[in-house]
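Using the sequences provided together with the hints, build the complete structure.
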Amino acid sequence: MELKISTENDIRYVEVSGRLDAVISAGLQDKLMDLVQAGHKKMLVCMDQVEYISSSGLRAFLAVAKKVGHDGFIRFCCMQPGVKEVFTISGFNSIFGIYDTKEEGLAG
Amino acid sequence: MSKYAITLHNRIEELRRLEEFVNEFVLEKRLPDCNLFELNLVLEEIFTNIVFYAFKDGEAHDILITIEQQDSALCIRVEDDGMPFDPTLREPPPDIDKPLEERDIGGLGIHLVRNLMQEVSYRREGDRNILTLIRKL
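Note that the protein sequences, when read in sequence, are chains C and S.
The first sequence lines up with residues 5 to 112 when you count with this note's numbering.
The second sequence lines up with residues 1154 to 1290 when you count with this note's numbering.
Among the hints, erroneous ones may be present.
Said to hold, decoys possible - For each label pair, taking beta carbons as the anchor points, the in silico distance ranges come out as: (1) C:Asp34 - S:Gln1222: 38 to 44 Å; (2) C:Thr105 - S:Lys1182: 49 to 55 Å; (3) S:Pro1185 - C:Asp52: 19 to 25 Å; (4) S:Ser1155 - C:Asp52: 48 to 54 Å; (5) S:Leu1217 - C:Ile9: 28 to 34 Å; (6) C:Glu108 - S:Cys1187: 45 to 51 Å; (7) C:Glu108 - S:Lys1182: 19 to 25 Å; (8) C:Ala67 - S:Cys1187: 26 to 32 Å.
Said to hold, decoys possible - Listed below are the simulated SDA-like cross-link pairs for lysine to any residue, each with C-alpha atoms no more than 25 Å apart in a straight line: (9) C:Lys88 - S:Asp1257; (10) S:Lys1251 - C:Gly76; (11) S:Lys1289 - C:Gly86.
What the hints assert, rightly or not - A few chain C residues that don't get close to chain S, going by computed Cβ distances all over 12 Å: (12) Ser10; (13) Asn13; (14) Gly43; (15) His44; (16) Glu55; (17) Ser59; (18) Lys70; (19) Gly86; (20) Thr92; (21) Phe96; (22) Ser98; (23) Asp104; (24) Lys106; (25) Leu110.
By construction, these hints were calculated from the structure, which means they are not laboratory data.
Glycine is no exception: its CB is placed at the ideal position from the N, C-alpha and C atoms.
So, in structure tokens, the structure goes:
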């Protein structure tokens, strides 16, 4: 799993790549929590290079979102169909903003 | 050969071997990519559940997984000698309509398994949990 982080306006644009399975997701959660701890509570996560996610990945995002609370947001863009289906089955599409493109995600 | 089997140890690192096993099966059977994702997901959820919750003795245990293609369905069987656990009894399903603050972190894995498989059945045989899943192709 790799993270590439840049800043767009005051939003952290986080490009994730790799498999978000039970072995890898803990590392993702730690890195995103570091961002939140550093005060960056507005995040757009680009899922373009994530071909797989299990409940462990969902739990990582949920934990980060809870930490962010009402002070910011965590949004997603560019999801592959399989990953999107996992979000939908889990009801995560109703608690997270999911956008087709980076531009839409930044606009919110 | 139509039946594929692998024995994994109850360590989370074994997920890599499970992934290779599933990839090989899907490639061999020439199944579409969506089956690769779903099979990986379902088996990961069941495997990690067993690794994290089935054993309290700190000892090494085997988890036996078989996949068999029967006509237009995949029949998956997962066997372990951990504590009795029937995932089909887990009620209610996660609170998928609740707002973020009230969402619980647990239960999602089983919820995904039940949604992606057409049949999930459990039985206890002696000291073994036997979980059988059917995925129509």
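Now the hints, each set against the structure:
1. Between aspartate 34 (chain C) and glutamine 1222 (chain S) the beta carbon distance is about 40 Å. The supplied range of 38 to 44 Å therefore holds.
2. Threonine 105 (chain C) and lysine 1182 (chain S) have their C-beta atoms about 36 Å apart, which leaves the hinted 49 to 55 Å range violated.
3. In this structure the hint that proline 1185 (chain S) and aspartate 52 (chain C) lie 19 to 25 Å apart at CB holds, the actual value being about 21 Å.
4. Checked against the hint of 48 to 54 Å, the pair serine 1155 (chain S) and aspartate 52 (chain C) fails, with Cβ atoms roughly 37 Å apart.
5. Distance hint for leucine 1217 (chain S) and isoleucine 9 (chain C): a CB-CB separation of about 42 Å, inconsistent with the stated range 28 to 34 Å.
6. Checking the proposed 45 to 51 Å range against glutamate 108 (chain C) and cysteine 1187 (chain S) shows it is violated: the Cβ atoms sit about 26 Å from each other.
7. In this structure the supplied range 19 to 25 Å is violated for glutamate 108 (chain C) paired with lysine 1182 (chain S), their Cβ-Cβ distance being about 38 Å.
8. Alanine 67 (chain C) and cysteine 1187 (chain S) have their C-beta atoms about 28 Å apart, which keeps the hinted 26 to 32 Å range intact.
9. With a C-alpha separation of about 20 Å, the suggested pairing of lysine 88 (chain C) with aspartate 1257 (chain S) holds against the 25 Å cut-off.
10. Between the alpha carbons of lysine 1251 (chain S) and glycine 76 (chain C) the distance comes to roughly 19 Å, so the proposed pair stays at or under 25 Å and holds.
11. With a CA separation close to 17 Å, the supplied pair lysine 1289 (chain S) and glycine 86 (chain C) stays within the 25 Å bound.
12. Chain S leaves serine 10 (chain C) outside its interface by the beta-carbon criterion, the shortest separation being 25 Å against a cut-off of 12 Å.
13. Even its closest Cβ contact with chain S, about 23 Å, leaves asparagine 13 (chain C) beyond 12 Å, as expected for a residue assigned away from the interface.
14. Its beta-carbon lying about 20 Å from the closest one in chain S, glycine 43 (chain C) satisfies the requirement of being farther than 12 Å from that chain.
15. Histidine 44 (chain C), annotated as away from the interface, keeps every beta carbon of chain S farther than 12 Å; the closest lies near 18 Å.
16. Non-interface status of glutamate 55 (chain C) relative to chain S is broken: a Cβ of that chain comes within 12 Å, the nearest being about 8 Å off.
17. Here serine 59 (chain C) does not stay apart from chain S, with its beta-carbon only about 4 Å from theirs, under the 12 Å limit.
18. Not every CB of chain S lies more than 12 Å from the CB of lysine 70 (chain C), the least distance being 7 Å, so the non-interface label is violated.
19. Residue placement check: glycine 86 (chain C) does not keep its beta carbon more than 12 Å from all beta carbons of chain S (closest about 4 Å).
20. With a least beta-carbon separation of about 10 Å from chain S, threonine 92 (chain C) fails to lie farther than 12 Å from that chain, contradicting its non-interface assignment.
21. With a closest Cβ-Cβ approach of about 8 Å to chain S, phenylalanine 96 (chain C) is found to fall inside the 12 Å limit, against its non-interface label.
22. For serine 98 (chain C), the condition that its CB be more than 12 Å from all CB atoms of chain S is violated, with the nearest at approximately 7 Å.
23. Every CB of chain S is more than 12 Å from the CB of aspartate 104 (chain C) (nearest about 20 Å), matching its label as outside the interface.
24. Residue placement check: lysine 106 (chain C) keeps its beta carbon more than 12 Å from all beta carbons of chain S (closest about 23 Å).
25. With a least CB separation of 21 Å from chain S, leucine 110 (chain C) remains clear of the 12 Å interface cut-off, as annotated.
Hint check: violations occur at hints 2, 4, 5, 6, 7, 16, 17, 18, 19, 20, 21, 22; the rest are consistent with the structure.
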